[in-house]
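Chemist: So you can see what is in the structure, the chains are spelled out below.
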Amino acid sequence: MGYEILGLPLIYYITMVAKTVAVFVFVLLTVAYATWAERKLIGHMQVRIGPKRVGPYGLLQPIADGLKLFFKEEIVPAQASRFAFLIAPLVALVPAFISFAVIPFGDTVTIAGYQVPLQIASVYDGTSMRVLDINVGVLYILAMASVGVYGIVLAGWASNSKYSLLGGLRSSAQMISYELAAGLAIILVFMSSETLSLHKIVAEQAGLFGWNIFRNPFMFAGGIIFFICSLAEINRTPFDLPEAETELVSGFCTEYSSMKYAMFFMAEYANMVTVCAVTTTLFLGGWHGPFPPVVNFVAKVYGLIFVCMWIRATYPRYRYDQLMRLGWKVFLPATLLLICGNAVWLLVFP
Amino acid sequence: MILPLLNGLRITLSHLFRKPVTLQYPKERPEVAPDFRGLHALKMSHDRARCVACHLCPTVCPAKCITVEAGEDANHDKFAARYEIDMLRCIFCGYCVEACPVDALRMTQTFELANYRREDFVFVKERLQEKN
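Top to bottom, those sequences are chains A and B.
Here our numbering is used: position 43 in the first sequence is 52, and no number is missing along the way.
Here our numbering is used: position 87 in the second sequence is 1333, and no number is missing along the way.
Capping the alpha-carbon separation at 27 angstroms, the derived lysine-lysine pairs in BS3-like fashion look like this:
id, chain 1, residue 1, chain 2, residue 2
1, B, K1377, B, K1324
2, A, K61, B, K1265
3, A, K61, A, K77
4, B, K1324, B, K1371
5, B, K1273, A, K61
6, A, K61, A, K81
Computed footprint of chain A on chain B; a stretch qualifies when at least three of its residues, placed anywhere within it, have a C-beta under 8 angstroms from a C-beta of chain A:
id, stretch
7, 1249-1261
8, 1264-1276
Stretch-level coverage of chain A by chain B, calculated; a stretch enters the list once three of its residues show a Cβ under 8 angstroms from a Cβ in chain B:
id, stretch
9, 53-61
10, 321-333
These are computed hints drawn from the structure, not numbers from a lab.
Ideal Cβ positions, reconstructed from N, Cα and C, are used throughout, including at glycine.
Can you build the whole structure from these sequences, using the hints too?
Modeler: Encoded structure:
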């Protein structure tokens, strides 16, 4: 069909750019309005109102906050390791966004006679009539989630401040403790779907009780544990020890100001969106549901974001030893047991 | 172990649907109690303050914030030539109102007593007198 560049039709490039831009805008807007929604929601849960002065219902608040941070003074501490200090916010922010490359927002749509899968890193193969996406999508997400913590550790080390350093150390320790359990919870998904491709994992979960979380009791528990571990991995309450205000001032971002601080903030919220999207993809049936595929997916992601904020409004922060105990002594053995249980279940009810 | 956690979630969710208690203060005003002890007011009778300068209020005042000076009018009646309350010292206990034998003093619902200058916190007789 028409022009070809490097053996691929032009529409391939156009749709690729369009998908990238659309997903990026979606994530950025969600991140901006997640800050507003969180303040509003926690406000109402505390029987307050939350922001309401900037625009109707305070809807322009994220823009006002962004502008304010943009015009703040950039401060680099005198003893800081300058290069690492400047690059840390980027290292934190980029992996948060980059995971979205493999998240399937929907099945395929037909544009100008060309099947376009609603997933950035995938194409529709006309000869085999299948969607080809990155076949290690889950591993890719795990890898990106791990890279994200480098930004925090780097920020903590480069700031040359004891609070920052402790925040960074806590973050890496927390990451290691919870990634194990989260990874083991993902194994439950592999066991039933027998693939690492996110598109195939979602495509398999069709139907009301086809969602992975409803397959069997072990998957149900596994899904919940995965979500909680993900919260711990992205340092959200009740696991926000790296920036524990009462102990560490502001943790790893104590010395950061202006846009660099805003980038950490954005990374935190983008991570939250990513984690909710990954949980939706792996356990909650991705695009399947009563509405058009993309609407289903976005609704599920927003539902999970609501749960994140609800959790934040409810629970106090864990103590450090409690956090470690929960990770190593509760979630890790629990997921191992779930894997054994799931294996038996799959043998008995194939 | 899990039930208390779920109960916590239930409580926060139920609070989400409550009416917020926030008062948009300068726009919305709080309703103070009927016996709220705010700014003092000197009651009027026949267009003059009812106070007879008996000095019971400065005597009973625990904060020593009331200054009264007596004067004599054309009918040889005692009246308060000077009546001042220092609002920076006043503790709004209301003893002055209780002590007054001629019921010349009351406390209003006014609680916004901010001023720009220190001297303005000393309320003189004219500022304390009730306006109709």
